Structure formats: structure tokens, C-alpha cells
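Novice: The opening residue of the sequence shown carries number 1 in the numbering used here; numbering runs sequentially from there.
Please keep in mind that the hints were generated in silico from the structure rather than gathered at the bench. Treat the hints loosely; a few may be bogus.
[What the hints assert, rightly or not] Derived Cβ-Cβ restraints for the label pairs, each shown as a range:
#1 Ala-59 / Ala-250: 13 to 21 Å
#2 Pro-248 / Arg-37: 35 to 43 Å
#3 Leu-151 / Ala-260: 29 to 37 Å
#4 Ala-90 / Ala-253: 38 to 46 Å
Everything numeric in this text was worked out from a predicted model, so none of it was measured. For each residue, glycine too, the CB sits at the ideal point set by N, CA and C.
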Amino acid sequence: MATAPGLPHFIVIGAMKCGTTTLYRHLADHPQIDMSRDKETDFFVAEKNWDRGLDWYAAQFSGRGPVRGEASPNYTKRRDFPGVPARIAAACPEVRLIYILRDPVARAESQLRHGIIMGDLSPAAEGFTDSHEYAHILDASRYAHQLEPYLAQFGRAAILVLDFDDLRRDPQTVMDRVHAHVGVAPRPIGRAGAANDSRELARVPAPALRFARSPLGRRVAGLVGRDTRDRIRAALARGRDRRPEALPEALRARMRDDLAPDAARLRAMTGLDFPGWSV
1 MATAPGLPHF IVIGAMKCGT TTLYRHLADH PQIDMSRDKE TDFFVAEKNW
51 DRGLDWYAAQ FSGRGPVRGE ASPNYTKRRD FPGVPARIAA ACPEVRLIYI
101 LRDPVARAES QLRHGIIMGD LSPAAEGFTD SHEYAHILDA SRYAHQLEPY
151 LAQFGRAAIL VLDFDDLRRD PQTVMDRVHA HVGVAPRPIG RAGAANDSRE
201 LARVPAPALR FARSPLGRRV AGLVGRDTRD RIRAALARGR DRRPEALPEA
251 LRARMRDDLA PDAARLRAMT GLDFPGWSV
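Let the hints inform the model, and build the full structure from the sequences given.
Specialist: Shown next as C-alpha cells:
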């Protein structure tokens with residue numbers, strides 16, 4: 001697979017809250033694959049790391065494996081981070097892409113619950129469904145809208161679209177497809193373990209979460225590996241459970257109405273059925 005020296009051969013482009021961390025860990029376990037040091041480089045997001053340049057991006061990979069990859073769900077948040085597909089195409093025109101999805105309403109709910117746990121969102125607030133926050137959450141669940149510019153830049157053959165339900169139900173079969181798509185040998189996969197588990201996050205004390213999101217916290221996190229960060233988070237998850245109450249059915253119904261047209265377009269666009277979805 002031809003690619004520029006030091007740059008990735010494949011990228012997991014999302015979606016957020018759809019198993020990208022599980023997929024990252026399975027891929028990182030493959031001896032032929034060199035995944036980026038941190039799961040989310042966010043390099044192709046102009047508002048984040050694009051200005052750091054290609055040398056910085058190449059340095060995110062160890063060089064220990066012949067096939068390089070990364071996973072940044074922010075690459076499919078077109079509303080807030082436009083222009084990502086064109087930047088990827090300019091730097092890595094032959095890259096293979098992986099887009100893992102789940103029921104768009106369930107995905108939006110998961111992101112909303114995460115925002116509540118982190119103290120960023122209050123869906124009970126008046127006018128929430130007309131807010132920037134609501135539009136931001138729904139954007140990542142509009143998979144057809146996100147996929148369109150990638151299809152225009154790369155074509156359908158370069159993009160593997162997966163359903164997270166399949167990864168949970170039959171991970172080996174899904175990873176066999178992934179390995180073939182990125183050009184590595186098939187390999188039995190290990191147990192990826194819980195990834196980005198909101199139940200664990202809900203027990204981490206709020207001051208620790210605020211520190212982790214601060215500039216200093218991010219710098220400290222960059223000094224240790226992902227496994228070490230996971231162990232620290234697990235050790236901190238001993239506080240009071242702050243999991244939010246069930247979302248109002250009226251809010252779920254609104255999300256279903258708002259997301260159904262895009263889900264229909266996605267099925268037509270990909271030829272996939274997504275039989276377990278609610279829309």
C-alpha cells in the first residue's frame with residue numbers, strides 16, 4: 001500500500017461513541033500495525049493540530065510496524081470541523097478509511113449522557129433542542145452527511161463502513177474484514193476490554209475530570225501511555241455514581257424524527273441494512 005513516508009496507511013474516521021476505542025485497541029494488538037501513540041491525533045482538524053505540520057504528525061507513529069493507522073472521531077464532525085476530508089486527501093490520497101457506526105439515536109444519547117456526566121450539558125434546560133449543543137450532538141449521528149465528502153474525495157472502495165452491533169456480536173469476523181481492508185494478515189484477536197465506559201467515568205471525582213481536560217492535564221496525559229491512563233482512571237473510579245437519569249421519551253422521539261431522514265439516505269448510499277437500528 002503506497003503512502004508518504006511516516007504517514008498513515010489507514011484512518012478510523014469515527015463515529016464518536018461507536019466503538020472507535022475498541023477498534024483502536026484491536027488494531028494496536030496486531031504485530032504488523034503501528035497505531036498512533038495517542039488514539040486521537042486530530043491532526044486534520046484545522047481548529048486543533050493541523051498547524052503542527054506533517055513532521056509532527058509522522059512523529060505520532062513509532063515506526064515499529066509496516067502499516068500505520070490512527071483513529072480520530074473528530075474527523076466526522078463536519079458541522080464544527082469542516083474541511084477534514086480534503087486535507088486527508090491532499091496529504092494521504094491513497095489512505096484507507098474505516099467508519100464505524102451504531103444506531104444514530106443511541107449514539108446521540110451516549111454522547112448526551114457523557115456531556116451530562118462531565119457537567120457540560122443540561123438537556124432539561126429550556127430550548128435545549130434548539131441549542132448549539134443539541135445540533136452538535138446530532139451532527140455526529142448524521143452519518144450520510146458525514147460520509148458524503150469522503151465519498152467525493154476517495155470513492156466507495158476506500159471506505160469500510162461497519163456497524164458496532166456486529167463488532168460486539170462477532171468481533172473476529174468484523175476484524176477479519178478490517179485486517180483485509182487495511183492490508184495486513186488475518187489474526188485471532190484478543191479481548192479489547194471495556195473502552196470509554198461511561199459507567200466508570202461517572203464514578204471518577206469531578207475535580208479529577210476537570211483537571212484531565214485542563215491544558216496542564218492534557219500535557220501530563222501526553223507524558224504517559226494510554227494503558228497507564230486507563231489504569232489511573234480505573235483507580236480513580238471509586239466515587240459516588242453520577243450517572244444521569246433516563247432521558248425523557250419526548251427527547252428521544254425528537255432525536256428519532258430529526259435523524260430518520262439521514263439514516264434513510266445512509267442505507268441508500270451504502271446498500272447496508274443496519275437492521276437493529278431504531279430509525
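Novice: Indicate, hint by hint, whether the structure satisfies it.
Specialist: Hint-by-hint comparison with the structure:
{"no.": "1", "hint": "Ala-59 / Ala-250: 13 to 21 Å", "result": "violated, 48 Å"}
{"no.": "2", "hint": "Pro-248 / Arg-37: 35 to 43 Å", "result": "holds, 41 Å"}
{"no.": "3", "hint": "Leu-151 / Ala-260: 29 to 37 Å", "result": "violated, 21 Å"}
{"no.": "4", "hint": "Ala-90 / Ala-253: 38 to 46 Å", "result": "holds, 42 Å"}
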